[in-house]
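S.K.: Residue-level listing of the chains:
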Amino acid sequence: DGGITQSPKYLFRKEGQNVTLSCEQNLNHDAMYWYRQDPGQGLRLIYYSQIVNDFQKGDIAEGYSVSREKKESFPLTVTSAQKNPTAFYLCASSSGPSNQPQHFGDGTRLSIL
Amino acid sequence: DAKTTQPNSMESNEEEPVHLPCNHSTISGTDYIHWYRQLPSQGPEYVIHGLTSNVNNRMASLAIAEDRKSSTLILHRATLRDAAVYYCTFGDNYGQNFVFGPGTRLSVLP
Numbered sequence: 002d003g004g005i006t007q008s009p010k011y012l013f014r015k016e017g018q019n020v021t022l023s024c025e026q027n028l029n030h031d032a033m034y035w036y037r038q039d040p041g042q043g044l045r046l047i048y049y050s051q052i053v054n055d056f057q058k059g060d061i062a063e064g065y066s067v068s069r070e071k072k073e074s075f076p077l078t079v080t081s082a083q084k085n086p087t088a089f090y091l092c093a094s095s096s097g098p099s100n101q102p103q104h105f106g107d108g109t110r111l112s113i114l
Numbered sequence: 014d015a016k017t018t019q020p021n022s023m024e025s026n027e028e029e030p031v032h033l034p035c036n037h038s039t040i041s042g043t044d045y046i047h048w049y050r051q052l053p054s055q056g057p058e059y060v061i062h063g064l065t066s067n068v069n070n071r072m073a074s075l076a077i078a079e080d081r082k083s084s085t086l087i088l089h090r091a092t093l094r095d096a097a098v099y100y101c102t103f104g105d106n107y108g109q110n111f112v113f114g115p116g117t118r119l120s121v122l123p
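Chains S and G supply the protein sequences, listed in that same order. 2 is the number of the first residue of the first sequence in this note's numbering; add one for each residue after it. 14 is the number of the first residue of the second sequence in this note's numbering; add one for each residue after it.
Keep in mind that the hints were calculated from the coordinates and are not lab data. No experiment lies behind these values; they were computed from the predicted model shown. Beta carbons: idealized from backbone N, C-alpha and C, even for Gly. Among the clues, some could well be false.
Claimed, not checked - Coverage of chain G stretches by chain S, computed from C-beta distances (three or more under 8 Å per stretch; other residues unrestricted):
hint	segment
1	22 to 31
2	113 to 121
Unchecked claim - In the SDA-like style, the derived pairs of lysine to any residue whose C-alpha atoms are separated by at most 25 Å in a straight line are:
hint	chain 1	residue 1	chain 2	residue 2
3	S	LYS72	G	SER25
4	S	LYS58	S	VAL20
5	G	LYS82	G	GLN55
6	S	LYS84	S	VAL53
7	G	LYS16	S	PHE56
8	S	LYS10	S	GLY43
9	S	LYS71	G	GLY63
10	G	LYS16	S	ASN85
11	S	LYS72	G	GLN55
12	S	LYS58	G	ILE87
13	G	LYS16	S	THR21
14	S	LYS71	S	THR21
15	G	LYS16	G	ILE87
16	S	LYS10	G	SER54
17	G	LYS82	G	VAL68
18	S	LYS58	G	VAL68
19	S	LYS84	G	ILE87
Bound conformation, chain S alone:
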């Protein structure tokens, strides 16, 4: 069954640690996105990638890093420089820009110990 898989569903980070969130898609989509969602808020774009080996910063990229070495994978690293990482992280993919819908994963909830 085609879709987007995010793992883990829940993740805990200690102060000063980097953590990596996984996002895999088998929809053969070119474009992939990472969003952050805080309680009661909308989605804010962290990074997006339109093609393998290329990615662009979104509105809130500071303290985050990504890679896009394979079409199906777009991992997000939350670095120790991100001072307020507790949030719900959502990954999405689409077959192209504006004229195609985005397909979302079920999210990863990151908390600080």
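Dock chain G against chain S, hints included.
M.R.: Below, chain G alone, put in the same frame as chain S:
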């Protein structure tokens, strides 16, 4: 600055139509308008999208203003399962950077 504006919350009775409005005055001529909905602790689900003409699918209808600065999502007969937060969005930066606002929380009363 690119953004969307939606009511914070709306309420509907079950089996009645619901019209969810959205303003997107900074949209460019080639950006599609998308609508998604989200249940608690889940990822958003695609509902519908369009460019200029009104659109219909099995879930909803999308009415787009002639000047494209606003749109309305229409749920023809609301069910309890339609209770969710509804987001309208469009692609900014040549369609590469989607802008999501805080959305509209729809409550459906039995």
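S.K.: For each hint, tell me whether it holds in the structure or not.
M.R.: Quick rundown of the hints versus the structure:
1. For the segment 22 to 31 of chain G, the stated coverage by chain S is not satisfied: 0 residues place a CB nearer than 8 Å to a CB of that chain, which falls below the threshold of 3.
2. With 4 residues bearing a CB less than 8 Å from a CB of chain S, the segment 113 to 121 of chain G meets the requirement of three and the coverage assertion stands.
3. Only pairs whose Cα atoms come within 25 Å are accepted, and LYS72(S) paired with SER25(G) is rejected, the gap being roughly 42 Å.
4. Restraint check for LYS58(S) and VAL20(S): the C-alpha separation of about 19 Å stays at or below 25 Å, so the hint holds.
5. Only pairs whose Cα atoms come within 25 Å are accepted, and LYS82(G) paired with GLN55(G) is rejected, the gap being roughly 29 Å.
6. Restraint check for LYS84(S) and VAL53(S): the C-alpha separation of about 29 Å exceeds 25 Å, so the hint is violated.
7. Among the hinted pairs, LYS16(G) with PHE56(S) is consistent with the structure: their alpha-carbon atoms are about 22 Å apart, no more than 25 Å.
8. In summary, the hint linking LYS10(S) to GLY43(S) is supported, as the alpha carbons are separated by about 19 Å, within the 25 Å threshold.
9. The hinted pair formed by LYS71(S) and GLY63(G) fails the criterion: a straight-line CA distance of about 30 Å is larger than 25 Å.
10. With a C-alpha separation of about 24 Å, the suggested pairing of LYS16(G) with ASN85(S) holds against the 25 Å cut-off.
11. With a C-alpha separation of about 24 Å, the suggested pair LYS72(S) and GLN55(G) falls inside the 25 Å cut-off, and the hint holds.
12. Proximity of LYS58(S) to ILE87(G) is assessed by CA-CA distance (about 34 Å); at most 25 Å being required, the pair is judged violated.
13. Pair hint LYS16(G) plus THR21(S) does not hold up; C-alpha atoms about 30 Å apart against a cutoff of 25 Å.
14. Restraint check for LYS71(S) and THR21(S): satisfied, since their Cα atoms lie roughly 16 Å apart, inside the 25 Å limit.
15. Pair hint LYS16(G) plus ILE87(G) holds up; C-alpha atoms about 21 Å apart against a cutoff of 25 Å.
16. A hinted pair counts as satisfied when its Cα atoms are at most 25 Å apart, and LYS10(S) with SER54(G) qualifies at roughly 10 Å.
17. Among the hinted pairs, LYS82(G) with VAL68(G) is consistent with the structure: their alpha-carbon atoms are about 16 Å apart, no more than 25 Å.
18. A threshold of 25 Å between alpha carbons decides the hint, and for LYS58(S) with VAL68(G) the separation of about 32 Å lies outside it, so the pair is violated.
19. The suggested pairing of LYS84(S) with ILE87(G) is violated, with an alpha-carbon distance near 41 Å, which exceeds 25 Å.
Hints 1, 3, 5, 6, 9, 12, 13, 18 and 19, counting from the list given before, are not met by this structure.
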